[in-house]
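Guided by the hints, dock chain B onto chain A, whose structure is given.
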Amino acid sequence: MIKAILIFNNHGKPRLIRFYQYFAEDMQQQIIRETFHLVSKRDDNVCNFLEGGSLIGGSDYKLIYRHYATLYFVFCVDSSESELGILDLIQLICFFVSVCVFVETLDKCFENVCELDLIFHMDKVHYILQEVVMGGMVLETNMNEIVAQVELQNRMEKSEGGLSAAPARAVSAVKNMNLPEIPRNINIGDINIKVPSLSPF
Amino acid sequence: MALKIVKGSIDRMFDKNLQDLVRGIRNHKDDEAKYISTCIDEIKQELKQDNIAVKANAVCKLTYLQMLGYDVSWAAFNIVEVMSSSKFTYKRIGYLAASQCFHEGTDVIMLTTNQIRKDLSSPNQYDTGVALTGLSCFVTPDLARDLANDIMTLMSHTKPYIRKKAVLIMYKVFLKYPESLRPAFPRLKEKLEDPDPGVQSAAVNVICELARRNPKNYLSLAPLFFKLMTSSTNNWVLIKIIKLFGALTPLEPRLGKKLIEPLTNLIHSTSAMSLLYECVNTVIAVLISLSSGMPNHSASIQLCVQKLRILIEDSDQNLKYLGLLAMSKILKTHPKSVQSHKDLILQCLDDKDESIRLRALDLLYGMVSKKNLMEIVKKLMLHVDKAEGTTYRDELLTKIIDICSQSNFQYITNFEWYISILVELTRLEGTRHGHLIASQMLDVAIRVKAIRGFAVAQMATLLDNAHLLTGNTQRNGICEVLYAAAWICGEFSEHLEDPMQTLEAMLRPKVATLPGHIQAVYVQNAAKLFATVLRKHDGETESQAAQETSQLLIDRLPLFVQSANLEVQERASCILQLVKYIQKLQQKNVEVAEEVTALFAGELNPVAPKAQKKVPIPEGLDLDAWINEPPSESESEDEKPKAVFAKEEPKHSRSRHTEVDEKELARRREVRKQEQANNPFYIKASPSSQKVYDAPGVEHIPVVQIDLSVPLKVPGMPMSDQYLKLEVERRQKEKAERKKKEKKKKREKRGKERKADSGPESEEDITPAHQVDIVTEEMPENALPSDDDDKDPNDPHKALDIDLDNLLSGFSSRPLADSEKLPVRTHRPEALKSPAEDRDSESVPQETKKKSGKEKKKDKEKDRKRSKEEKKKKKKHKEVEEELLESQPEEAVQSEETKEAAAPPTSTSAEASDLDFWLSSAPVPPAAQEVTAPSSAAAAVDTSSAAAPESEPDEPKDTEPEDTKSSKHKKKKQKKEKEEKEKKKKKRHHHHHQHHSDAGGEDSVQNGTVEEEEPLPPMSNYSLLAENSYIKMMKEDADQVYDIQGNHQDESKVVVSVIFENKSDSFLKSMEFNVLDSLNSKLQRPEGAGAHDSLTVPFQLPPGVSNEARFVFSVQSIIMPQKLKGTLTFIVKSDESSTHEKLDFKLHFTCTSYLITTPCYSDAYAKLLESGDLKGSSLRLEGINMPFHHLLARICFHHHFSVVERIDSCASMYSRSIQGHHVCLLVKTSDQTVSIDAKCDEPSLLGNVLDEIKQTFSKC
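These protein sequences, in sequence, are chains A and B. Read in order, the letters of the first sequence correspond to residues 1 to 201 in this note's numbering. Read in order, the letters of the second sequence correspond to residues 202 to 1461 in this note's numbering.
Derived from the structure by calculation, the hints contain no laboratory data. By construction, the Cβ of each residue, glycine as well, lies at the ideal position given by its N, Cα and C atoms. Do not take every clue at face value.
If you want the ones that stay clear, here's a sample from chain B, every Cβ over 12 Å from chain A, calculated [to be verified]:
1. N436
2. A812
3. K1233
Below, simulated BS3-like cross-link-like pairs (lysine-lysine); rule was C-alpha separation at most 30 Å, straight line [as the list claims (entries may be wrong)]:
4. K737/B with K811/B
5. K1334/B with K508/B
6. K124/A with K319/B
7. K508/B with K13/A
8. K1324/B with K124/A
9. K158/A with K245/B
10. K13/A with K245/B
11. K13/A with K217/B
12. K508/B with K158/A
13. K1455/B with K1324/B
14. K41/A with K288/B
15. K288/B with K158/A
16. K508/B with K571/B
17. K815/B with K711/B
18. K230/B with K13/A
19. K41/A with K580/B
20. K249/B with K124/A
21. K288/B with K124/A
22. K158/A with K360/B
23. K124/A with K230/B
24. K1270/B with K1283/B
25. K235/B with K13/A
26. K811/B with K650/B
27. K1368/B with K1440/B
28. K580/B with K537/B
29. K158/A with K249/B
30. K41/A with K600/B
31. K1283/B with K124/A
32. K530/B with K41/A
33. K41/A with K553/B
34. K360/B with K124/A
35. K533/B with K508/B
36. K934/B with K543/B
37. K124/A with K235/B
38. K41/A with K587/B
39. K1376/B with K1429/B
40. K1376/B with K428/B
This is chain A alone, in the form it adopts within the complex (with noise of 0.2 Å):
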């Protein structure tokens, strides 16, 4: 059984979570908060699987983790998981992610799934998720059989009209009118652009 999968980044800020077993908000945030604890300050040739994360599982427990550019994928798993399975399963997930979210850049590398993508687009990753692993058990390893699944699933969205379809864009671009929001919209980043203090006559 899975018990949680993780995905955050190396700063540790979640960007999608799911437990197949139920904790509070709080206790939820605290297990990811010592998984990244654990995980972080592990190198990136060493092995993939750890033991002793104390919050969740115990001693039958193991997590199992890829590292890819910024994200951190943890899977929590029992002993019934082949380890290389489910390490196997991380990478399946990430290229679901890359092909499913964005159709338009299927040329992408699998192992440079952008943080972007997962954190625009949770719900699509949740959806692709649920159809690769349901209730904590893997549900499906077929490759062609999830993207044509998701796929399916996205085209009846779009039928339907889809909650970010036509009008929502005209809507942000509406949106973009509102002049007094955009200052706060722009993200300088970590270029620092100091005015220029004008000497007071």
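Frame of chain A; chain B shown alone:
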């Protein structure tokens, strides 16, 4: 209204969607919390609107916020609203949100039951899918109970997408509602053979998960899984199955024997590391389970160890890690084979990866022996010094202690060395494990009497240098050691050389900075030391020393009296007053030493950790009874006190207490004494029995007196190293002495056999440096030896420990009772008239019938056993006949039982004996078509009793082929066995037949009357394919036919299982199977192989062994029978030579083999006939001399039909071809004439089937 919609969409225009929310959060890194709280306010506004799109959008955002740790349970009702939207887009959002934040405590879950049910039965498969996925995350016991039946129905949905989800979710349902397991299990088992690989994988997944927790209930599925294992190509499924077998083998060693070969083949053939690793793991599990009985598996162990070594040497850290992990499993049973890789494992200790180092440490634990313990520990001590990072160092420390103390200090030959190691460990900077070292010191000092002198000396030094341990920083961990040191010095103070000095050390002012509990021990033990000092100076009148000691105590103790710690204070003031009093007496020259020592007289013995739990409750003590009535209701809900005494069942307690009288107790004590006397490591605590050394078993161990006056502190060298050196020298000396002795002996025995020199030292040769007495732990006198107190009563899987065997067999004690059926909603009429409903009306009277039937059956079984024994003696045929008669009413009982079962049980005879049979021998095919008429009932009894002994003769065949003397005798025996086997085989086919046909048939027949019917004659569906002097090939009439729906529309697949039996005395290998393809039928070859390439048979055959292989053919048209020519080539390998041989055969595909037994209800059948799409044909058979039900059974069995309805001597039957052709038969009989009217939508198929039916009956 229109206005409202417009308003809604305008509102929506200014809503944020998920992307906007995420962007906003990213842009407000500084005041994220504040931004989110405004967002939540917005969301609350959005949720208040009527527009479902707005709500869904809000819920979607909430899901994101939930991930960030915000509690969104307040929106639970809105989530339910979105879930119940009719649009898939919104529904999906709702279910996603629900699966993220609903749980058993969410109260709105109650409201969802009907919505979910509606979604489950939705015509849109994705609505159903989404509901199933969501449900899998938040299913509660209530939901599970209410929806179990709906999900059960979905397990047979036409869409594989739904089927696999429904199958998978059943596991969650079982967990929450264990009652559903029994009724749902038959269908779950069916899904193991589902044509869709996804569904199959899901079913395997669920059963593996169930079986992992309660493996014994699933043993009977082993043959099925075995079949899957040899046929499946899906690595995920294979891994799951192989893991499951790993859990099953400990319960059934014979299973392991059967598994070894296919697993070894897989290990050799697979390229997938994950599969290889799991195979190795399961082989290890098998070897562990076999380790007691079968010594001859060194090859498999070698293979495993070898493969693991490759993994460990791999540069991939993951493989290295797993290799070490698996290695540690082998270690438990085959330490020797692992020990040879010590170099590799020690190398891993230096790995940069901490996980790998820890795994290697684990391995070391099992690799130590008396011989290498010191060496290994020395290496670890070096690592301790080098290790950076306290966690790893702490781990090392605990491992050192574990390794040394394992199994009662088994490997320690020199305890002085161990104590010095412990003392060295105390010098570690900043460890957390001070208490661990302390407890080891205490343990050793208490339990090893011989070491006490040395231990006390070391502890005294520790106490003297206490300032080093406490140091400048408050290293709280390590000062725990002082606790042990003080206690040991006090308790065994008679060994102290200079108690006065130690006493002084214990009363230094600095002690007051230690933690309270340590100070308390200091004070208490100071008093003990005081007693010793007094005793030493006993007799000397007006001893100056004694009085000085009293003065010292009186001076120093007040410091402790002022301690803030209550215990320290109390003890100190008590002892202070005592000493003051003693001083007074001393001044009067009164002899006090005796009295003071009496304060601390008596020896303390260790107590077993479970001792308290094992104290039986005294008679008449009721711990649950109130001593005083509780004062008020409100307070009575306090926590229940934990049980101080072991709980006992009331029945036993009384009888046992009366039984255990004085005599019994005395006897037990005697037994225990005897036991301890015979064990060199155990000795009774009382000093009188300390001289048990001359017990017969211990005598021969040479006790070497070692000179301990070695200078223990060599500058620049840790003490323990000294011991290592010493030990080596000592062993060499010993060895030399032993050799001398041997030489002497040899000289005496000259001329006689020469023994090879005993090479490397074996374990037993190493003698302990000095005699070690380990005091046993004490237990209460009449404690029960039980180990089941480790189970966790809260384990949810405990509830799933449900016996499923008898459900599968239908033969034994407990078929499904009515109460066990899944709740079915009554207000919704079912489309099909299902058997479940029929049963409801009949169930009440049958319940009683069933019971009486059961009792009868028991009696009968007894009778049968008795008669069977007689039969063996007399071999009278009459009795067989009697049994035949006897079995008739029983079958009637059975069929009644099956009616009661909520789902059709799969076979009507003892499946357990089937399993036995399957396990006891490789499938030996019976002589084809040889139909004798032995009593099937008798054979059934035989299988259960004969299967066990049968497995044994197999072994000598394999293991001692050179045994020539008894071979003749054996041959005879084997012949007999073979006959027996054949009989059984037939019996098995009998099940097989019922399995296939009646399972569906019986349910529908039940409308008619159930007659007392004669037992069916055995039927076989194996036919001889080809045979020569080396090999025999048998073909099973395509028993597993399935079609692939979808992409290949006109192409179907047929699986043919062929049994290969080696008839020669030579080894058959490299078997290759080839068939000349026709236009219509083709052998499925692996990708990349040419059209004429042959397939390698995936096994080899040792002499006398048979095995089954499956070949898949793709067939285009199924309306005509087919014949394919084929060749089998193989190499015959005997001791001297190996030759190439070949065997030609013809594969015959009958039209019958394209039919699948498909149950059909009468109403559907009637509709089908009415539709008018079917074309008719008919057949007359003359001179059929068999009861009608035999006739039906034959058609069912040989031609894969099922009975739809039967009235008197007329029956309608149905079957379906793999390409979906319906075949309907109406069979009528009168006076040896049988007429069959048939209808089918494909006339030529029908014609061929009828021809085949005719052939079947012309044979008999």
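Hints versus structure:
1. N436: violated (8 Å)
2. A812: holds (26 Å)
3. K1233: At roughly 39 Å from the nearest Cβ of chain A, K1233/B sits farther out than 12 Å, so the non-interface label holds.
4. K737/B with K811/B: Since the Cα atoms of K737/B and K811/B sit roughly 39 Å apart, the hinted pair is violated (cutoff 30 Å).
5. K1334/B with K508/B: holds (27 Å)
6. K124/A with K319/B: Since the Cα atoms of K124/A and K319/B sit roughly 25 Å apart, the hinted pair holds (cutoff 30 Å).
7. K508/B with K13/A: violated (40 Å)
8. K1324/B with K124/A: It is violated: about 53 Å lies between the C-alpha atoms, which goes past 30 Å.
9. K158/A with K245/B: Answer holds: K158/A to K245/B is near 27 Å, not above 30 Å.
10. K13/A with K245/B: Roughly 25 Å separates the two Cα atoms, so the pair holds.
11. K13/A with K217/B: holds (22 Å)
12. K508/B with K158/A: violated (52 Å)
13. K1455/B with K1324/B: Distance ~19 Å between K1455/B and K1324/B Cα, so the pair holds.
14. K41/A with K288/B: violated (46 Å)
15. K288/B with K158/A: holds (11 Å)
16. K508/B with K571/B: Status holds; Cα separation ~28 Å.
17. K815/B with K711/B: violated (43 Å)
18. K230/B with K13/A: holds (12 Å)
19. K41/A with K580/B: holds (27 Å)
20. K249/B with K124/A: holds (26 Å)
21. K288/B with K124/A: holds (17 Å)
22. K158/A with K360/B: holds (23 Å)
23. K124/A with K230/B: holds (25 Å)
24. K1270/B with K1283/B: The hint holds at about 25 Å.
25. K235/B with K13/A: holds (18 Å)
26. K811/B with K650/B: Since the Cα atoms of K811/B and K650/B sit roughly 23 Å apart, the hinted pair holds (cutoff 30 Å).
27. K1368/B with K1440/B: holds (13 Å)
28. K580/B with K537/B: Distance of about 20 Å is within 30 Å: holds.
29. K158/A with K249/B: holds (26 Å)
30. K41/A with K600/B: holds (23 Å)
31. K1283/B with K124/A: violated (43 Å)
32. K530/B with K41/A: holds (29 Å)
33. K41/A with K553/B: holds (13 Å)
34. K360/B with K124/A: holds (23 Å)
35. K533/B with K508/B: Judged against 30 Å, a Cα distance of about 18 Å means the pair holds.
36. K934/B with K543/B: It holds: about 26 Å lies between the C-alpha atoms, which stays within 30 Å.
37. K124/A with K235/B: holds (27 Å)
38. K41/A with K587/B: holds (20 Å)
39. K1376/B with K1429/B: Given pair K1376/B, K1429/B holds - Cα atoms ~19 Å apart, limit 30 Å.
40. K1376/B with K428/B: Cα-Cα ~39 Å, so violated.
Hints 1, 4, 7, 8, 12, 14, 17, 31, 40 from the earlier list are contradicted by this structure; the remaining hints agree with it.
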